[in-house]
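Participant: Could you put together the complete structure from these sequences and hints?
For the sequence shown, the UniProt record's numbering gives the first residue as 1, with consecutive numbering after it.
If you're looking for bench data, these hints aren't it; they were derived computationally from the structure. Among the hints, erroneous ones may be present.
Stated by the list, open to error - Think about it this way: if two alpha-carbon atoms lie no more than 30 Å apart in a straight line, the pair counts; the simulated BS3-like pairs of lysine-lysine are:
1) Lys408 x Lys94
2) Lys234 x Lys344
3) Lys381 x Lys114
4) Lys159 x Lys114
5) Lys159 x Lys94
6) Lys118 x Lys96
7) Lys102 x Lys159
8) Lys159 x Lys78
9) Lys114 x Lys340
10) Lys124 x Lys96
11) Lys137 x Lys314
12) Lys102 x Lys78
13) Lys126 x Lys114
14) Lys370 x Lys360
15) Lys159 x Lys96
16) Lys114 x Lys125
17) Lys159 x Lys314
18) Lys381 x Lys327
19) Lys315 x Lys126
20) Lys107 x Lys82
21) Lys327 x Lys344
22) Lys102 x Lys386
23) Lys137 x Lys340
24) Lys314 x Lys327
25) Lys381 x Lys94
26) Lys159 x Lys408
27) Lys60 x Lys102
28) Lys248 x Lys126
29) Lys94 x Lys114
30) Lys78 x Lys107
31) Lys381 x Lys102
32) Lys137 x Lys43
33) Lys325 x Lys82
34) Lys43 x Lys344
35) Lys82 x Lys394
36) Lys107 x Lys360
37) Lys344 x Lys325
38) Lys408 x Lys124
39) Lys386 x Lys370
All values derive from a computational prediction rather than experimental measurement.
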Amino acid sequence: MARPKKDFSPKKEQEQKSIVKAILEPRPKISITQVTNIAADAKAVLEAVRQVMLEPFPRKLPPEFTTNQVADLCEMTKSEFKSAEISIESTRGKVKSSDNYKSYTLKETIELIKLIGKLPPLPKKKQGKVIAVASYKGGVGKTTISVSLAQALTLRGLKVLFIDLDPQGSATTLFGISPEVEVQYEETIMPFIYQDEPDLMYAVQNTYWDFLDLIPASSEVLGAEYILPANASKEGYVFWDQLNQGIKPLRDIYDVIVLDTSPSLGYLTQNAMAMADGILTPCPLEALDFASLTQFYGVFTEISSLLPGYFEDKKFDFIGVIINKAKLEKDDFTTGNIIKSWIKNSFKEYLWDVIIPDSKIPKETTSQLKTIFDLSYDEVKSTAYKRFREPLDKLADQVLLELYEAWKRG
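Facilitator: Here it is, written out as structure tokens:
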């Protein structure tokens, strides 16, 4: 048998020299100081990118809406909408010199939805509901869905508070705020976690999006994973009920409080799940994501059984599993459809009839630090936009229906 020829190419020779050098002259180990420098360099680059992507303060501006868009949100034809405007003597909206159509600000749009839209009136003396968007696995689209849902609910006449519980602060970034540069410790949940504040009222701040407020996050929030269990030894302290106590006064101010959690079942996520009235869990049609979703609910119920009184007394208004990043095919035997059948057989009625497709749209919008609801009229005409936007609106409508049902039950 012929012996294999040796590779004497310059590239191979250089690789061999590098290996010999690595053996004879090994590099020193990497110190924490060097890791600190890496983090600082990355932070500087991220801030530079952010400054390019975002306009000077105020960095993000809400979208404007055409007459047709506002009429659709009010569930009216264009002529019905114009008649309704006249009936309430509204002076909202204006025609810009550069356009040949009337445009409305986000605030004007939401005001008109409340005044003349066909949504049923909110119940009196209701308490705001808490929705936790949670997952055991990163990369499932949790943050994009949670921020988009919060925006969509304001377009249905609700006043919304968004609480970012993820130390990565991805949701905070989508609100146009740099977690590491602009969010101070005292603006996060942490002063309350340390019990320096009686509730979370101090941390609420306005955003560029009307009727949607925010409690931001930064890496400081990671400290909650240490403080919550450390406080558990204190008499009368219920670590899994801490956040619930903090949001009690906020339930009287907001119709909905949306929680974006970290991809884990750490102490903060346990707090979020424990106080939530509704839980939404997105799941792409991948075998590992299905396995993670199954594990998530299994571990949550195991943890719940260890919380005194919680397992027996807790009742959720709704739980929804949402298929996300779907690449469904007509053939019933494709991998995506097979995994969908697994999810359906596992979660039955808790699998909502909402399928958010895999799309280039969320990738393009998040690269600009936007959601699909941030896009202007000129940016929303494509078929891809409509295909991605429609299921998000369907999700918001389903959540709205669940909220009204919950308020009706009392």
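Participant: For every hint, state whether the structure bears it out.
Facilitator: Right, here's what the structure says about each hint:
1. Distance hint between Lys408 and Lys94 is unfulfilled; the C-alpha atoms sit about 39 Å from each other, more than 30 Å.
2. For the proposed pair Lys234 and Lys344, the alpha carbon gap of about 43 Å is over 30 Å, so the pair is violated.
3. For the given pair, Lys381 sits about 26 Å from Lys114 by alpha-carbon distance, which is consistent with the 30 Å threshold.
4. Between Lys159 and Lys114 the alpha-carbon distance is near 11 Å, which keeps this suggested pair within the 30 Å criterion.
5. Proposed proximity of Lys159 and Lys94 is supported: the alpha carbons are some 25 Å apart, at most 30 Å.
6. Under the criterion of a C-alpha separation no larger than 30 Å, the hint pairing Lys118 with Lys96 is consistent with the structure, at around 28 Å.
7. A hinted pair counts as satisfied when its Cα atoms are at most 30 Å apart, and Lys102 with Lys159 qualifies at roughly 26 Å.
8. Annotation: proposed proximity of Lys159 to Lys78 holds, straight-line Cα distance about 26 Å (limit 30 Å).
9. In summary, the hint linking Lys114 to Lys340 is not supported, as the alpha carbons are separated by about 37 Å, beyond the 30 Å threshold.
10. Distance restraint check for Lys124 and Lys96: the Cα-Cα separation of roughly 39 Å exceeds the 30 Å cut-off, and the hinted pair is therefore not satisfied.
11. Between the alpha carbons of Lys137 and Lys314 the distance comes to roughly 25 Å, so the proposed pair stays at or under 30 Å and holds.
12. With a C-alpha separation of about 12 Å, the suggested pair Lys102 and Lys78 falls inside the 30 Å cut-off, and the hint holds.
13. Restraint check for Lys126 and Lys114: the C-alpha separation of about 17 Å stays at or below 30 Å, so the hint holds.
14. Restraint check for Lys370 and Lys360: satisfied, since their Cα atoms lie roughly 13 Å apart, inside the 30 Å limit.
15. In summary, the hint linking Lys159 to Lys96 is supported, as the alpha carbons are separated by about 29 Å, within the 30 Å threshold.
16. Taking the CA atoms of Lys114 and Lys125, the gap is about 18 Å. The hint holds against a cut of 30 Å.
17. A threshold of 30 Å between alpha carbons decides the hint, and for Lys159 with Lys314 the separation of about 25 Å falls inside it, so the pair holds.
18. Distance check on the hinted pair: Lys381 and Lys327 sit about 22 Å apart at the alpha-carbon level, within 30 Å; holds.
19. Only pairs whose Cα atoms come within 30 Å are accepted, and Lys315 paired with Lys126 is accepted, the gap being roughly 17 Å.
20. This hinted pair checks out: Lys107 and Lys82 have alpha carbons roughly 18 Å apart, not beyond 30 Å.
21. Of the pairs offered as hints, the one joining Lys327 and Lys344 holds, with about 16 Å between alpha carbons and a cut-off of 30 Å not exceeded.
22. Simply put, Lys102 and Lys386 have alpha-carbon atoms about 22 Å apart, close enough for the 30 Å limit, and the pair holds.
23. A C-alpha spacing of about 18 Å is found between Lys137 and Lys340, which places the hinted pair at or below 30 Å, so the restraint holds.
24. A threshold of 30 Å between alpha carbons decides the hint, and for Lys314 with Lys327 the separation of about 36 Å lies outside it, so the pair is violated.
25. Between Lys381 and Lys94 the alpha-carbon distance is near 22 Å, which keeps this suggested pair within the 30 Å criterion.
26. Simply put, Lys159 and Lys408 have alpha-carbon atoms about 18 Å apart, close enough for the 30 Å limit, and the pair holds.
27. A hinted pair counts as satisfied when its Cα atoms are at most 30 Å apart, and Lys60 with Lys102 qualifies at roughly 22 Å.
28. For the hint linking Lys248 to Lys126, the alpha-carbon distance of about 13 Å falls within 30 Å, and the restraint holds.
29. Proximity of Lys94 to Lys114 is assessed by CA-CA distance (about 19 Å); at most 30 Å being required, the pair is judged to hold.
30. Of the supplied pair hints, the one linking Lys78 and Lys107 holds, its CA atoms being roughly 19 Å apart against a limit of 30 Å.
31. Restraint check for Lys381 and Lys102: the C-alpha separation of about 17 Å stays at or below 30 Å, so the hint holds.
32. For a cut-off of 30 Å, the pair hint linking Lys137 to Lys43 stands: about 24 Å separates their Cα positions.
33. With a C-alpha separation of about 38 Å, the suggested pair Lys325 and Lys82 falls outside the 30 Å cut-off, and the hint is violated.
34. Using a Cα cut-off of 30 Å, the hinted pair Lys43 and Lys344 is violated, with the two alpha carbons roughly 42 Å apart.
35. Straight-line distance between C-alpha atoms of Lys82 and Lys394 comes to about 26 Å, which keeps the hinted pair within the 30 Å bound.
36. Between Lys107 and Lys360, the direct Cα distance comes to roughly 29 Å. Compliance with the 30 Å bound is thereby established for this hinted pair.
37. Between Lys344 and Lys325, the direct Cα distance comes to roughly 16 Å. Compliance with the 30 Å bound is thereby established for this hinted pair.
38. Proximity of Lys408 to Lys124 is assessed by CA-CA distance (about 10 Å); at most 30 Å being required, the pair is judged to hold.
39. Pair hint Lys386 plus Lys370 holds up; C-alpha atoms about 16 Å apart against a cutoff of 30 Å.
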